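With chain A's structure known, arrange chain B with the ligands on it following the hints.
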Amino acid sequence: MERRTLFPGRALPAFLVLPQLAITALFFLFPAWRAFVESVRAVNGFGLNARFVGLANFAALLGSGTYRATVLRTLLYCTAVTALAMAGGLVLAVFADREIKGRAIYRALLILPYAIAPAIASVIFVFLLQPEIGLLTGVLKQAGIDWNYVLHGGQALGLVILVGAWKQVAYNFIFYLAGLQSIPRTLIEAAALDGARGWYRFRTMLWPLLLPTTLFLLVVNTVYAAFDTFALIFALTGGGPGTATETMVVKVYRDGIINLDLGGSAAQSVILMALIVALTVLQFRYAGGRERT
Amino acid sequence: MARLDLRGLAKSFAATTVLHGIDLALADGEMVVIVGASGCGKSTLLRLVAGLESPTAGRVLLDGTDITDTDPSRRDIAMVFQNYALYPHMTVFGNMEYGLKLRGLPRAEIARRVDEAAALLGLGPLLDRRPRQLSGGQRQRVAMGRAIVRNPKLFLFDEPLSNLDARLRVQVRADIRRLQRRLGVTSLYVTHDQTEAMTLADRLVVMHEGRVAQIASPVEVFDRPADTYVAGFIGDPAMNFCPGQLAEGGTVAALVAGARIPLPEGRRAVPDGTRILLGIRPQHALPAATPTGLAMTVELIEPLGSETLLHGRLADDTSFALRIAGPPGPLAEGIALPVHLPPEQLHVFDAATGLRLDAPPRSGAAPVSGQH
Ligand SMILES: Nc1ncnc2c1ncn2[C@@H]1O[C@H](COP(=O)(O)OP(=O)(O)OP(=O)(O)O)[C@@H](O)[C@H]1O
Ligand SMILES: [Mg+2]
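Here the protein sequences line up with chains A and B, keeping their order. My numbering puts the last residue of the first sequence at 293; the count rises by one with no breaks. My numbering puts the last residue of the second sequence at 372; the count rises by one with no breaks.
It should be emphasised that the hints constitute simulated quantities derived from the structure, not laboratory data. Since the model is a prediction, treat every value here as computed from it, not as a measurement. Glycine included, C-beta positions come from ideal geometry on N, C-alpha and C.
Every beta carbon over 12 angstroms from chain A, so not counted as near; a handful from chain B, in silico:
id : residue
1  : G29
2  : E109
3  : A166
4  : G184
5  : S217
6  : P218
7  : D236
8  : V270
9  : Q283
Pairwise CB distance ranges (calculated):
id : chain 1 : residue 1 : chain 2 : residue 2 : range
10 : A       : W199      : B       : L183      : 24 to 34 angstroms
11 : B       : R211      : A       : F95       : 36 to 46 angstroms
12 : B       : A174      : A       : L279      : 50 to 60 angstroms
Just chain A, same shape as in the assembly (with noise of 0.2 angstroms):
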């Protein structure tokens, strides 16, 4: 079912749709402009003139060890913050979806960690693991663990992608429990009835149906994590130690605002927006399949 508003004419549609035209083109439209020019210009040291240098500064990433070292981890940690945030959804999706005794606060609980801005986030965890006064840190020390993720970076990249997924298990969570709540009890029932217990009965039965919802959120946990991830990252390590969590945002940022290198962040900037548009046409393929049916 869909509901279709019908305005007369072109002028008034024209105008209501103003205000958000206006905000895209001031907000996006403008600087994503902009970062294509910067992309194809060099600045000299002083930043007094730019000159066109065409695609010299995409040629210079690309024939870059260190982009190419960020381009490989951005994959790992897309890959791990994904895994772990739909499995981590999963599994509470499927424990929740049991008829128990305070479902609802149980539920409300484990939504609630998607309503905290990425920044509260990184405090938290901050809070708990900070090398020094970390709530947790001195229970790692006990254990033997030499924890400090400011000079450790294994450990760093483990904590942002702890953090990462920590976030984004509450959206899995209610996307998995929806999936698990829209198929039908009787096919479960049936199921058991047939013999099917455990583990064999969710490879056979949950898993297969509940497809349609992994392969969306496959793509939008990917997008999550390459794009949405900047403000934890920023906030909890800065990208660092040395480039240990530096990703792929983080290094447009670190590159074109930190060290200034505004054609190189700019082509960066560019790649990043290739990738994006390419994860979109995925996400509308199956967010528009599910809104669909």
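Frame of chain A, contents of chain B with the ligands only:
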């Protein structure tokens, strides 16, 4: 194949009690049909047997083994659901082999059994299709096939025909009966359609608000309903009930409508003056040519082709229906039609309890009992 024993099975959901202690025993290979109005607890009873709900009290025994607390997956019971519950992501073959694969049967044996069941149900050409590519009737057969390949101890059917059109329903009904006889699997079948119940059942269980009203063969339920509920529920059009009281040593019913109707079978073991309901089916009451002391004012005439249904009222305003063979002829709405009630077709019920009042059996005659 197995015997099923239900002992005092009760079920409550929070404050509402849905089943009040059901006792029922199914012999090996027997087909028992549970019939009752919507909401009387039929599905709940079936789900208790399947293990999809756990009872508040009572036991379920299969072949003498107590399975009350056994997980449904270990009960070896197959169920055909009202909406069929076919696995949408599997082919017909996949649906049918699912339960067999779980039992670890060799591939060849699985294929043989699925093919055999498919042949029995005419599903051969459909094995590669998905459920959504099937018609309602075909889906129903796949659901049956999925149940029979497993060769379970017990079949449960929860209104398996209610989603089919009337013509198909008659055909599939006969198919189910034939199949059940041939396989000899003990079956418990739930329906609210009394024709289905009468034609399928070895024995019929009439349920009323979570209680068993009567368990008997279909013929017995029809001929000797245990109470007014069963009498009114089984038989279409429904039985007429005329209020009155017993007189002359329980051999005569003095109706409020005025007539004194002689009863068969001699005296009943309740005192004269007991308030009763005298029941008679519309097809058993006869129009009379001369006044009988009982007359019906005809209000509506429904010609049904080979027969005619007359609706009207008696002198005391009790509604009364009468079914006569052939066309209405000279009958017209508004006339007063004398009615004759043949004694051997009468049913006497206690007006207070609704229970059937029979005369005690004469020596030599078979004992009658409405209720087991
Ligand atoms: N899970 C439940 N929670 C609360 N009440 C329930 C539940 N399941 C069934 N009931 C109630 O139990 C009663 C019997 O339900 P049941 O489904 O057994 O009826 P039924 O005889 O199968 O009816 P129908 O012919 O309509 O299928 C109904 O009043 C229903 O509202
Ligand atoms: Mg039901």
